[in-house]
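2 protein chains.
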Amino acid sequence: MALIVQKYGGTSVGSVERIAAVAQRVKDWRDRGNDLVVVVSAMSGETDRLIGLAKAIQPRPSPRELDVLLATGEQVTIALLSMALEHIGCPARSYTGGQVHILTDSAHNKARIRDIDGARMRADLEAGRVVVVAGFQGVDEHGNITTLGRGGSDTSAVAVAAALKADECQIYTDVDGVYTTDPRIEPRARKLDRITFEEMLEMASLGSKVLQIRSVEFAGKYKVPLRVLSSFQEGAGTLITFEEESVEQAVISGIAFNRDEAKLTALGVPDQPGVAQKILGPISDANIEVDMIIQNIAADEATTDFTFTVHRNDYARALEILRGTCDGLGARQVTGDDRIVKISLVGVGMRSHAGIAAKMFGALAREGINIRMISTSEIKISVVVDEKYLELGVRALHDAFELDQAR
Amino acid sequence: MALIVQKYGGTSVGSVERIAAVAQRVKDWRDRGNDLVVVVSAMSGETDRLIGLAKAIQPRPSPRELDVLLATGEQVTIALLSMALEHIGCPARSYTGGQVHILTDSAHNKARIRDIDGARMRADLEAGRVVVVAGFQGVDEHGNITTLGRGGSDTSAVAVAAALKADECQIYTDVDGVYTTDPRIEPRARKLDRITFEEMLEMASLGSKVLQIRSVEFAGKYKVPLRVLSSFQEGAGTLITFEEESVEQAVISGIAFNRDEAKLTALGVPDQPGVAQKILGPISDANIEVDMIIQNIAADEATTDFTFTVHRNDYARALEILRGTCDGLGARQVTGDDRIVKISLVGVGMRSHAGIAAKMFGALAREGINIRMISTSEIKISVVVDEKYLELGVRALHDAFELDQAR
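The listed protein sequences correspond, in order, to chains A and B. If you count by our numbering, then the first sequence holds residues 1 to 407, one letter each, in order. If you count by our numbering, then the second sequence holds residues 1 to 407, one letter each, in order.
Next comes chain A alone, as it looks inside the complex (with noise of 0.2 Å):
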């Protein structure tokens, strides 16, 4: 007997059919003998056309309304997926963010969650029930309704599982797990059957977008056991570990790729203290969030290259930025280029296996693929290459690391 948080997406919640799927699905695990707490996003679509009435009204709306606005889209999927799990026989009870203490703090459209009050989900679940509870929306200490942002049903998921100290958190997204590269490119890239939560998060971050990336920081923290899993096939999806546990790590767990980099470059920087926050400092100003940074020394010593990465959509934006700033410290020239994709390999087990870099570099070099940037942490290597060569580059890593075979 087992208690288990089970969140559904919007396309898993997306009609009336779906709900009812939904609804067996949960029956099926509590007929196995375990408490089920259910975490619900709005059904798809739903929270564009609140946004769409919300912008038809006023253009830029109080977040503080929009919060107000966008929760009902949950609140309709509670109050639905209750009723069909009473349809079926499964005794049930929805309840909003507020209705179960969803702390969050106050930052309208993306708060952060604080504190969940467990004790009403318990009695609850006590008392038989399945509890069906609003993703995405909290309350602040005022109670006023707040809302995570996009994907915050995740985190929600999480956070309800970390407050009832709950066996396993399953995330149900439209893919049946999380494999070792996109499968649209490489077709023999294989799914996992685990993964840490370091290299989950280097996934995640890097362009996997199976689970939000704040979710699975959560649940590093607060050590809940996350499951991803398909709501449309049977399966045991991906568990997500602490490393701890995984005795017999592969050195990489996946290929990530990132399609909309692009990268600035500032030529003969006099090589000053603070240069590198002089440089960054107005991106940042201008709400451009940096990837990759590095600088090197140029050949002359007296100057320096530094180079950064940019959203590709910033990329217009941050290149003006760079030119002033480098005509106030005398740079020799601003370059970038905005037809570049990162390609990452990520594994925990690479902290203990030397050669890694050198075999990926290798694996590149195979195909003729020139190496642009190179960035490494203690999990992942990434490259920087033109984006004409992302799938071949992919194709060549997963092949060079085996990944197709299971371990």
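One or more of the hints may lead you astray.
Partial selection, computed: residues in chain B whose CB lies under 10 Å from chain A [to be verified]:
| id | residue |
| --- | --- |
| 1 | Ile19 |
| 2 | Ala23 |
| 3 | Leu53 |
| 4 | Ser62 |
| 5 | Leu70 |
| 6 | Ala71 |
| 7 | Leu81 |
| 8 | Thr96 |
| 9 | Asp105 |
| 10 | Ala107 |
| 11 | Ala127 |
| 12 | Gly128 |
| 13 | Val132 |
| 14 | His142 |
| 15 | Gly220 |
Partial list, derived from the structure: chain A residues whose beta carbon lies under 10 Å from chain B [claimed, not checked]:
| id | residue |
| --- | --- |
| 16 | Ala23 |
| 17 | Ala54 |
| 18 | Gln58 |
| 19 | Pro61 |
| 20 | Arg64 |
| 21 | Leu66 |
| 22 | Leu69 |
| 23 | Thr72 |
| 24 | Leu81 |
| 25 | Glu86 |
| 26 | Ser94 |
| 27 | Thr96 |
| 28 | Gly98 |
| 29 | Arg120 |
| 30 | Val132 |
For the record, the hints were derived by calculation from the structure and aren't laboratory data. The structure displayed is predicted, hence computed values, not measured ones. Just so you know, even glycine gets a beta-carbon here, dropped at the ideal spot from N, CA and C.
With chain A held as given, fit chain B onto it using these hints.
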């Protein structure tokens, strides 16, 4: 500087354009130096859409979950109206029923308001904000979402006005006030500037469906001055006053009618104590509401004739039940008629004026209208006539009591 509570129904907020128009009207009132609290319904059609979703999942949805679902309708409106107010430079803040502690009993789908905490609304008013409150909904003592049943937003508005001791509660509808009778039947029907609560109660329950009867009762109980006026045209509407205020009261205020009546008679029932209870008990057990009740001593004086009216939809069922009861009681015969209507003369003035009934019956007799039943109360006289006489009867009475003349 007055504190005014305004209520706008579903038609008044039925589109983005209409919500903008309501916002402008609210701002106009505020610009004249008033404090404003606005209570709104769901956008027209929204409640039916939500009920449709529920029924598609579960033909008889749980009342608790239906309330969770339906409450989203008003929540959407409060957010949109607040945005519209802020868009035109009018600071506003929206609240669900739960957020301003509209405490109700736990009778889901038809809850009754017990208490409202005005503190939060008062704080916003003092801060110069318009307060926008979701009508129709509240929370019970356990924090469960409840709804008051169709038309409950009127009651919400009156309850909020009572809690805040507002100077006036304005109910905006699609008519511009209360008329002496239905203008579709008598084109010379005149809008009343004022009417007493008692008269309004009789008018409302008799079919002049301008205001929900519960809201009028509530207003009378808490002495909330109530005004009915149009969302779509300017005008002072009709003020519903406490009797004491009306020094010069017209004898008759208006003529109400009800098309949906049907009458049933048990002829020759043995006249013994408890017979009324024996006849009406099974009717009320079947949840059929009885309107008029008349008992006549029949010719032979050992038996009685017993007549009552029900809603026309309940006629067939009531007839069947009555036949069963009368078999047991040894009544001579059961008859019925579902082609009847009720016409009522309403006016507090009739208390102190003799001869009203005689004048009423005379006016009907002059038109050859046969009266089938008569029932009287302190401030009304109702007659049942064949349905073909409805329009003729209403016009004859409107004319006889000169209701087209302003006083």
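### Task
Under 10 Å, Cβ to Cβ, is where Thr96/B needs to be relative to chain A, so tell me if that hint holds or is violated.
With a closest approach of 8 Å, the Thr96/B hint holds.
### Message
For the restraint on Gly220/B, tell me whether the closest CB of chain A is nearer than 10 Å.
### Response
32 Å, violated
### Query
Close enough to count: is the Cβ of His142/B nearer than 10 Å to one in chain A?
Cβ of His142/B sits 9 Å from chain A, so the hint holds.
### Query
Under the criterion of a CB-CB separation shorter than 10 Å, is Ser94/A in contact with chain B as hinted?
5 Å, holds
### Query
How about Leu66/A: closest beta carbon in chain B under 10 Å, or not?
Holds. Min distance 7 Å.
### Message
Restraint: Leu81/A near chain B, CB-CB cut 10 Å. Satisfied or not?
### Response
9 Å, holds
#### Entry: Hinted contact Ala23/B with chain A - closest CB pair below 10 Å
OK, holds: Ala23/B within 10 Å of chain A, min 9 Å.
### Message
Just to be careful: measuring from the Cβ of Pro61/A to every Cβ in chain B, is the smallest value less than 10 Å?
### Response
Because about 5 Å separates Pro61/A from the closest Cβ in chain B, which is inside the 10 Å limit, the hint holds.
### Task
Hold the hint about Val132/A up to the distance rule: shortest CB distance to chain B must be less than 10 Å.
9 Å, holds
### Satisfaction of the Ala71/B interface hint, Cβ to chain A closer than 10 Å
This interface hint holds because 7 Å falls under the 10 Å limit.
### Task
Could you check if Gly98/A really has its C-beta closer than 10 Å to a C-beta on chain B?
7 Å, holds
#### Entry: Interface hint for Thr72/A, Cβ within 10 Å of any Cβ on chain B
Holds. Min distance 4 Å.
Violated hints, in rising order: 9, 10, 11, 12 and 15; the structure is consistent with all others.
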